[in-house]
Amino acid sequence: MRFEERTIGKVFIAKVLVSRITAEVAPALKADIVEFVTQGHRTLVLDLSEVTFIDSSGLGALIGSLKSLGDDGELALSGAREMVASMFKLTRMNEVFRMYKNPEEAAVALA
Amino acid sequence: MKILLVDDEPVARRIHSTLLRSQGHEVEEASDGEHAWRVVQESQVSFVVSDWMMPRLAGVDLCRRIRTAALDRYVYVILCTSRGEKADLIEGMDAGADDFLVKPVGPEELRVKVRAGERVLSLQQGLAQKNNELARINNQLESSHKLIEEDLRAAAWMQQRLLPSQSLEANGLRCQWRLEPSGYVAGDIFNFFAMDEQVVGFYILDVSGHGVPAAMLSVTLSMILTPDAARGSPLKHLNPLNQQVETISPGDAIRELNRRFQSKDDRYFTMIYGLFDTGSGRLRIAQAGHPGPILINTAGHPQIIGTGGMPIGLWPEIKFDCTELSVSAGDRLLLYSDGVTECVNSEGEAFGESRLLSFLAKSSTQTLDTILDGLLGEIRSWRQCGDLGDDISLLAIELSESLDLASR
Numbered sequence: 105m106r107f108e109e110r111t112i113g114k115v116f117i118a119k120v121l122v123s124r125i126t127a128e129v130a131p132a133l134k135a136d137i138v139e140f141v142t143q144g145h146r147t148l149v150l151d152l153s154e155v156t157f158i159d160s161s162g163l164g165a166l167i168g169s170l171k172s173l174g175d176d177g178e179l180a181l182s183g184a185r186e187m188v189a190s191m192f193k194l195t196r197m198n199e200v201f202r203m204y205k206n207p208e209e210a211a212v213a214l215a
Numbered sequence: 010m011k012i013l014l015v016d017d018e019p020v021a022r023r024i025h026s027t028l029l030r031s032q033g034h035e036v037e038e039a040s041d042g043e044h045a046w047r048v049v050q051e052s053q054v055s056f057v058v059s060d061w062m063m064p065r066l067a068g069v070d071l072c073r074r075i076r077t078a079a080l081d082r083y084v085y086v087i088l089c090t091s092r093g094e095k096a097d098l099i100e101g102m103d104a105g106a107d108d109f110l111v112k113p114v115g116p117e118e119l120r121v122k123v124r125a126g127e128r129v130l131s132l133q134q135g136l137a138q139k140n141n142e143l144a145r146i147n148n149q150l151e152s153s154h155k156l157i158e159e160d161l162r163a164a165a166w167m168q169q170r171l172l173p174s175q176s177l178e179a180n181g182l183r184c185q186w187r188l189e190p191s192g193y194v195a196g197d198i199f200n201f202f203a204m205d206e207q208v209v210g211f212y213i214l215d216v217s218g219h220g221v222p223a224a225m226l227s228v229t230l231s232m233i234l235t236p237d238a239a240r241g242s243p244l245k246h247l248n249p250l251n252q253q254v255e256t257i258s259p260g261d262a263i264r265e266l267n268r269r270f271q272s273k274d275d276r277y278f279t280m281i282y283g284l285f286d287t288g289s290g291r292l293r294i295a296q297a298g299h300p301g302p303i304l305i306n307t308a309g310h311p312q313i314i315g316t317g318g319m320p321i322g323l324w325p326e327i328k329f330d331c332t333e334l335s336v337s338a339g340d341r342l343l344l345y346s347d348g349v350t351e352c353v354n355s356e357g358e359a360f361g362e363s364r365l366l367s368f369l370a371k372s373s374t375q376t377l378d379t380i381l382d383g384l385l386g387e388i389r390s391w392r393q394c395g396d397l398g399d400d401i402s403l404l405a406i407e408l409s410e411s412l413d414l415a416s417r
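Line by line, the protein sequences are chains B and U. Under this note's numbering, think of the first position of the first sequence as 105, with each following residue one higher. Under this note's numbering, think of the first position of the second sequence as 10, with each following residue one higher.
Possibly wrong hints are sitting among the right ones.
Taking lysine to any residue pairs in the SDA-like style, the calculated list, with each CA pair at most 25 Å apart, reads [as the list claims (entries may be wrong)]:
| # | chain 1 | residue 1 | chain 2 | residue 2 |
| --- | --- | --- | --- | --- |
| 1 | B | 193 | U | 325 |
| 2 | B | 171 | U | 326 |
| 3 | B | 171 | U | 264 |
| 4 | B | 193 | U | 351 |
| 5 | U | 328 | B | 201 |
| 6 | B | 205 | U | 357 |
| 7 | U | 328 | B | 185 |
| 8 | U | 273 | B | 139 |
| 9 | U | 273 | B | 202 |
| 10 | U | 273 | B | 177 |
| 11 | B | 193 | U | 313 |
| 12 | B | 205 | U | 351 |
| 13 | B | 193 | U | 331 |
| 14 | U | 273 | B | 173 |
| 15 | U | 273 | B | 146 |
| 16 | B | 193 | U | 364 |
| 17 | U | 273 | B | 135 |
| 18 | B | 193 | U | 330 |
Hints are computed from structural coordinates only; laboratory data are not their basis.
Build the full structure now, drawing on both the sequences and the hints.
Next comes the structure, spelled out in structure tokens:
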């Protein structure tokens, strides 16, 4: 999965560069997030501002990543657009993931 | 290597064949072109060294014949000419000769040109072998693919048999449905049945992912989601206080399902489960991450019920909406899967909730059957291309006008 990576303080921000998170890329997404944690990043923000669509496999991968992080770290989301935001609302995942408007807001909240 | 040496002049033929034999090759001699042609056809010889000027069939014509014939192998041809003229060279190459020797032919020149030809031949033979291997593998792949398709078709048929019968009625409720799997098998499933003389149950669920793994879970679920308590259904339980088998609430049923189906691999399913009590006229709906059902009242106003809930299978404790409302005779309820609203057209725009709601408002006076066919038609023309992208499930329930709820 392609990301644009940067850090703000100790917050690691990975911007997803694909517009559709579907079954084909979901396993790679989860593997990459787990890899970020393995590399030592404990506070992660996944920037979804380029993502216009996420399917059930994509949601499963995000949830799987969150679960595998466990107490080892924090995974938050930022920039969720219409379709993604409404899917998260329907599945109450907006109560499971911390969600922010943009990475800067997330970085401030998670610092 | 076996070489066919063609020359009508015996002395030259003897000299060249001796040379070739001394260089380790096996030589078959032909004194004219027609004889040589017969040898090419009847044997497996792949290397021809031929004189040009010969009666009956010239070397260049022998070459043409070899090139145009449908032989089962490549034949390397060296033409020998006494006139090393450019025009001859060109005519010979045009006729398909691979190389040239100008008489008198020196032994070293003969040796290296034959060796170059050997190299080309072995490349050619290597290619032919690889092609055969590829063709064999292709055939194997085709057979495997056919087997896999047969398996999928059988699985699809099995799934079809688990679907409710086309037109259902229970306790004064009518039900119609449509299921368009995106592949052979679907991760969506739904059903509608009488729980007892008074209560009707219905559900729709959507397993995450797609293909065979999702379908396997959806089949498993559809087999246990029955009103038959004896088959381990999570929808009923034995009340310890009165030893009666009772229908449990939609919320408790979801919680029981969540308890039984905790996933080890990020798989989950979304679900709507509802119970309609014809005695009280009350509808209870539990919504676990699935799009809310749409209630269309007799005035034709469609309304989405519920705001959401967590899907089943991800965490031991989940929170989800439970809604209870009164419904009247003539009211209709449509349950659907997100394949409907998320169906995108060629511009990437989704069909969406608004379009669905306005279609239902427009078609509210039609029969369930007509509405479902009409909605599928709308989705297909939205999509334009053949496949619909995701499973499309529609379950429409109608409270019969004859249902006498007011008096109960």
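Legend entry - Numbered hints the structure breaks, given as an ascending list: Hints that this structure does not satisfy do not exist here, as all of them hold.
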